[in-house]
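Engineer: Sequence:
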Amino acid sequence: MKTKLLASALVGVLLSACSGSSSPFDGKSPEEIAMFIFSGFQKGTSRKDSNVEIRVVASQDKPLVLTMNGSAQGQSRDMATFSVTDQGNCTFLYGVVDKMDPRMFGTWQVRIDLSGLSGAKLVSGGQSDSIALAGATIQCLTSSHHECEHMQADFAKGTLMRFGPIDLDEKQDGYKEQKEKSFNEAVQYLKTKICKV
3 MKTKLLASAL
13 VGVLLSACSG
23 SSSPFDGKSP
33 EEIAMFIFSG
43 FQKGTSRKDS
53 NVEIRVVASQ
63 DKPLVLTMNG
73 SAQGQSRDMA
83 TFSVTDQGNC
93 TFLYGVVDKM
103 DPRMFGTWQV
113 RIDLSGLSGA
123 KLVSGGQSDS
133 IALAGATIQC
143 LTSSHHECEH
153 MQADFAKGTL
163 MRFGPIDLDE
173 KQDGYKEQKE
183 KSFNEAVQYL
193 KTKICKV
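The numbering of the sequence shown is my numbering, which starts it at 3 and goes up by one.
Hints were generated in silico from the structure; no laboratory data involved.
Note that the structure is a prediction, hence the values are computed from the model and not measured.
Where hints are given, some of them may not hold.
What the hints assert, rightly or not - Straight-line distance between alpha carbons at most 20 Å, and here's what the computed EDC-like set of lysine to aspartate or glutamate pairs gives:
{"id": "1", "residue 1": "193", "residue 2": "88"}
{"id": "2", "residue 1": "45", "residue 2": "28"}
{"id": "3", "residue 1": "198", "residue 2": "28"}
{"id": "4", "residue 1": "198", "residue 2": "55"}
Unchecked claim - Pairwise CB distance ranges (calculated):
{"id": "5", "residue 1": "198", "residue 2": "76", "range": "42 to 50 Å"}
{"id": "6", "residue 1": "134", "residue 2": "89", "range": "36 to 44 Å"}
{"id": "7", "residue 1": "77", "residue 2": "125", "range": "32 to 40 Å"}
Beta carbons: idealized from backbone N, C-alpha and C, even for Gly.
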């Protein structure tokens, strides 16, 4: 009798484990998920084209700081750092510090309150994508080259420039769909597992 009960329980556990859907964001911190949503970057991603390699490495975990590093012809240089701090209540500080040309990424910090998030979409176009976060509040806190003034209209609409991902090849079939799928999965995970909105 005990053997049958044990076998039955084991089968139940195995079936529930197999039928449960896992997310590529399982086990990641709120900062890592917010970082991916806001910037498109994850630690450890890289891309190599001909003789140029771009890598995203974690400089720090709390707050999460990712450094984008470029290397070519035997020389390496940090291009920018991106940081996310979880402030609780589904609110994050997101900062960008340009290490090269201030017009490339800019240097700025915003507070993003996602507690009222009602929808999110990736908006493709131009040299980089944007994200539209319906119901979110984006407040620019600091900037070094007037980024707050230049981006304020976008922030007021819940729109934010997104620089990544770098590990997908835009020439590959299904690039746009894959990029949208991973973005949507991250937003859904954040809404259901972290913010519960």
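Engineer: Now tell me if each hint is right for this structure.
Structural biologist: Hint by hint, here is what the structure shows:
A distance of roughly 14 Å separates the Cα atoms of residue 193 and residue 88; the hinted pair therefore holds under the 20 Å criterion. Under the criterion of a C-alpha separation no larger than 20 Å, the hint pairing residue 45 with residue 28 is consistent with the structure, at around 15 Å. Under the criterion of a C-alpha separation no larger than 20 Å, the hint pairing residue 198 with residue 28 is consistent with the structure, at around 15 Å. Only pairs whose Cα atoms come within 20 Å are accepted, and residue 198 paired with residue 55 is rejected, the gap being roughly 38 Å.
At about 49 Å, the beta-carbon gap between residue 198 and residue 76 stays in the expected band of 42 to 50 Å. Roughly 22 Å separates the CB atoms of residue 134 and residue 89, a value that falls outside the hinted 36 to 44 Å. In this structure the hint that residue 77 and residue 125 lie 32 to 40 Å apart at CB holds, the actual value being about 35 Å.
This entry does not satisfy hints 4, 6, going by the numbered hints stated previously.
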